[in-house]
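> Please put together the full structure from these sequences, using the hints given.
There are 2 protein chains.
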Amino acid sequence: MTVNLHDSAYSLEKAIRQSDEYNNLTKLYDEVNADVSAKAMFDNFRTIQMQLQQKQMTGQEITEEEVEQAQKTVALVQQHEKIARLMEAEQRMSMVIGELNQIIMKPLEELYGPAQ
Amino acid sequence: MTVNLHDSAYSLEKAIRQSDEYNNLTKLYDEVNADVSAKAMFDNFRTIQMQLQQKQMTGQEITEEEVEQAQKTVALVQQHEKIARLMEAEQRMSMVIGELNQIIMKPLEELYGPAQ
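Heads up: the protein sequence lines correspond to chains E and X, in order. Using my numbering, the first residue of the first sequence is number 1, and each one after it goes up by one. Using my numbering, the first residue of the second sequence is number 1, and each one after it goes up by one.
Careful: at least some of the hints might be erroneous.
Each computed DSS-like pair below joins lysine-lysine, with the alpha-carbon atoms no more than 25 Å apart [claimed, not checked]:
#, chain 1, residue 1, chain 2, residue 2
1, E, Lys106, X, Lys72
2, X, Lys106, E, Lys39
3, X, Lys106, E, Lys106
4, E, Lys27, X, Lys106
5, X, Lys27, E, Lys106
Partner residues aside, some chain E positions facing chain X, computed with beta carbon under 10 Å [to be verified]:
#, residue
6, Ser11
7, Ala15
8, Ser19
9, Glu21
10, Gln60
11, Thr63
12, Glu66
13, Val67
14, Ile103
15, Tyr112
Here are a few chain X residues that sit away from chain E, every Cβ distance over 10 Å (derived from the structure) [claimed, not checked]:
#, residue
16, Glu13
17, Ser37
18, Ala38
19, Asn44
20, Phe45
21, Gln51
22, Glu68
23, Gln71
24, Val74
25, Lys82
26, Glu88
Simulated from the structure, these hints should not be mistaken for laboratory data. Where is the CB? At the ideal position from N, CA and C, for every residue including glycine.
What follows is the structure in structure tokens.
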């Protein structure tokens, strides 16, 4: 890989690390992890979320009961102020990553067209 | 989004555009597109590939016949020198993008652990 590519990627990595979005996210993540009940609630939510994602990715059927359980867990964690703030920060970070990816992937998109 | 993030992403985008891997890829892509029979063969291969991917992503069953057809098409396009070289260049580019993503995603991986 060209040296310039590596250097540019590391500059972007550093910029992400120094961004408000990332620092806000780590701060809120540490806050949730430092709070025993918040952490347990959040871990439980994550596990359910990942199980459903895995089922979806492998084409397994998701039962109505599972959907209901997931919805209840979302509603529950959103009541918790620290977790709700962390989830907002995650969403903002994920939007930033999406925007960065759109910029970086432009050369390939131009080659193959927007459909690919 | 922080200005610095945007700037860094655009620098990386420029570095990709100027990389040997990208320039080699565009050159070979143009060569295939300029060759009527190669282009038809490659387009057909792409269509089959995308149909299978879509089926896989939406959890639809892929028949044995479809797998066989896909394998035959791969074998066929790999016989074509121009297409074979293009596919190699695509693989190299895709590896580069993978490496770049690993670098960029490090801050988030550190936060959530390698499992996520």
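> Against which earlier hints does the structure fall short, listed by number upward?
1, 11, 12, 13, 16
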